[in-house]
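Q: If you're matching them up, the sequences are chains A and B in order.
Under the working numbering, the residue at position 201 of the first sequence is numbered 206, and the numbers go up by one with no gaps.
Under the working numbering, the residue at position 330 of the second sequence is numbered 335, and the numbers go up by one with no gaps.
Just so you know, these hints were derived from the structure itself, not from any lab.
From the three backbone atoms N, C-alpha and C, an ideal C-beta is built for every residue, glycine too.
Check each hint, because a few of them may be wrong.
[Claimed, not checked] If you want the footprint, here are the derived chain A segments under chain B, 3+ residues with CB under 8 Å: (1) 143–155; (2) 216–223.
[What the hints assert, rightly or not] The calculated label-pair distances, taken between Cβ atoms and stated as ranges, are: (3) B:Thr84 to A:Ala14: 52 to 62 Å; (4) A:Glu142 to B:Glu104: 33 to 43 Å; (5) B:Ala203 to A:Val265: 54 to 64 Å; (6) B:Glu177 to A:Ser71: 34 to 44 Å; (7) B:Pro291 to A:Glu28: 38 to 48 Å.
2 protein chains.
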Amino acid sequence: MTASTNGDANYVIDGLQYCSWSETVFRQMRAGGVDAVHATIAYHEDFRETLGNILAWNRLFDQFPSLIMPGRSAEDVATARDTGRTAIFFGTQNCKPAEHDLELIEVLHLLGVRFMQLSYNSKCAWATGWVEEDQDEGVTETGRRAIAEMNRVGMVVDMSHSAERSTLDAIEQSSRPIAVSHANPSAWRATGRNKSDAVLKALGETGGMLGFSLYPRHLKDDSDCTLESFCEMAARTAEIMGAENLGIGSDLCQGQPDAVVRWMRSGVWEDEDTPTPDSVKGVGFPDQPDWFRTNADMPGIAAGLGAVGFSATETAGIMGNNWHRFFAYSFGPAEAREPAAAAAAG
Amino acid sequence: MTASTNGDANYVIDGLQYCSWSETVFRQMRAGGVDAVHATIAYHEDFRETLGNILAWNRLFDQFPSLIMPGRSAEDVATARDTGRTAIFFGTQNCKPAEHDLELIEVLHLLGVRFMQLSYNSKCAWATGWVEEDQDEGVTETGRRAIAEMNRVGMVVDMSHSAERSTLDAIEQSSRPIAVSHANPSAWRATGRNKSDAVLKALGETGGMLGFSLYPRHLKDDSDCTLESFCEMAARTAEIMGAENLGIGSDLCQGQPDAVVRWMRSGVWEDEDTPTPDSVKGVGFPDQPDWFRTNADMPGIAAGLGAVGFSATETAGIMGNNWHRFFAYSFGPAEAREPAAAAAAG
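Just chain A, with the same shape it has in the complex:
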């Protein structure tokens, strides 16, 4: 087993991945010294299908006990690091798994789900996704209640794929800091999927977290994006929202077939009477930039952040300590913990 590259006091955490999970991927996590990963377990799956996905993860935990372990709390990240494993935290990229049934939020939390997006790309009962930006009327009344319930049980509101107004509403309505687990500033790469400076500022002011995405469509120059450009973007983002509110959310989809990205995009639109939308035809996963193809490449990002002027403490924060702090005050019942970083970021 490759030794962890981080010091005793530091964590390396990836705030979002959706790989085709395998021993290879888990060994690369160990090679990269990755102590925890927020793993997407559902997009368009309903509650029962999501349960099946959780059981499939249990089989992976059974099969690879020396590589991975279930992640439920910040303490589990320390346990994972101390035992040379990666803690896997569950999240969903859509509200579909809760089926508009607010009680299922607590049930999903009991089963280990720690992040949920209020919407994926399109409009749903709780919020509007970025591709329907024109019809974004913000977080719905049901969405407001869902946020309150997520706040109560300790499930992070994730607005990575949501449109601007919905995202700003969620930041304002949530009593606990929220996350944009995987996105970049739209000022760097102009796409509705990335976030405006207004969103980033509001996120930082409330102690929320941004995880920098390494998905090529979120990067300047796509697959040709350089590590230096990525890290300079991180430095500019720190000026907007504070380095202590930044992390990595790589959106690594390693090993997924192209059919998966078409399903991600068309999941809620397609039925047997609907032709495949033009936006989906022929779409596939782009190549990763050559400096981040697998989890094993994680140390290179730390080096790049240092090279653009981040201090060792700031770099360690972005590589995982900030997510660790956020995990510590986000996953328990609302009354049990205080969002310390909200004050720090104020």
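Position chain B relative to chain A; hints supplied.
A: Then chain B, alone, in the frame of chain A:
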């Protein structure tokens, strides 16, 4: 808070209750020194309804944190005792909550369910209940698979309400010791709901547990049953299956309205076109014997067991240590623990 009546090394555990849960009941548990209770959370409820019942228990845990706590493992019983609380273990009295979906067994286990009856009173897809004894063809093929899955995840097969052949089948087919969490010998009180000597013998030979019921319809002389008669029955049962395989499973239904017992009995038979079965008309809960009306009366049973000749160790075993040992080897994954008592009882 009343001090626990048991010594440092002993536990007091009730192997089944279905009270109308309240602060009064929980305070009586503390008064009786009860460290753990297996609480029924569902009879005829489907999966989604059972989830709601679990959430209702979570609200009780939130509301009475100084009196009760969730019970998931034998270690939790020690924690409860050491902190002056009662650990509540979830169980269902029917297979309905799993909806014939074997994957839901693991999901229910993840949510804390540690006991499940293969059937309630009537025939179902997994086994036959005692009131349909005439049509008992034993554990079904689906039931056999359910047992295997319960064995795998660490959920106890409970045959309290099942008919003779189904019960014997379950004892034989289960790779781990099973439980009859609440029943008495039919030789003492003749009712199909109680268990034959053949069942008791097979149960003991495989390290299974019998919890003595204090529900009047399972007692000789009903509500007039004396403590002495109950304890003499316990002594005779120990001769059949070993004192180390005996516990209490009081079936206490304190505070439940009579409508509940009618729902228990007719749950799977009644629909809007079906007249109320004669067996259910006018049925209500009988009065408890005057020596066991609430959890606070638990110490009196220990005294009674001693009076009929059980040693201090045997009495402590029946009052809770035997359940504690059974919990320790029953609730984890199949490969993690050995059924030590099976050898002891052989």
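Q: Decide, hint by hint, whether the structure agrees.
A: How the hints compare with the structure:
1. 143–155: violated (count 0)
2. 216–223: Answer violated; 0 residues pass the 8 Å Cβ test.
3. B:Thr84 to A:Ala14: 52 to 62 Å: Taking Cβ atoms as reference, Thr84 of chain B and Ala14 of chain A lie about 31 Å apart, which means the hint is violated.
4. A:Glu142 to B:Glu104: 33 to 43 Å: 38 Å, holds
5. B:Ala203 to A:Val265: 54 to 64 Å: 56 Å Cβ-Cβ, so the 54 to 64 Å window holds.
6. B:Glu177 to A:Ser71: 34 to 44 Å: With a Cβ separation near 37 Å, Glu177 of chain B and Ser71 of chain A satisfy 34 to 44 Å, so the hint holds.
7. B:Pro291 to A:Glu28: 38 to 48 Å: The hinted range 38 to 48 Å is violated for Pro291 of chain B and Glu28 of chain A, with Cβ atoms some 60 Å apart.
The structure fails to meet hints 1, 2, 3 and 7 from the earlier list, while all remaining hints are met.
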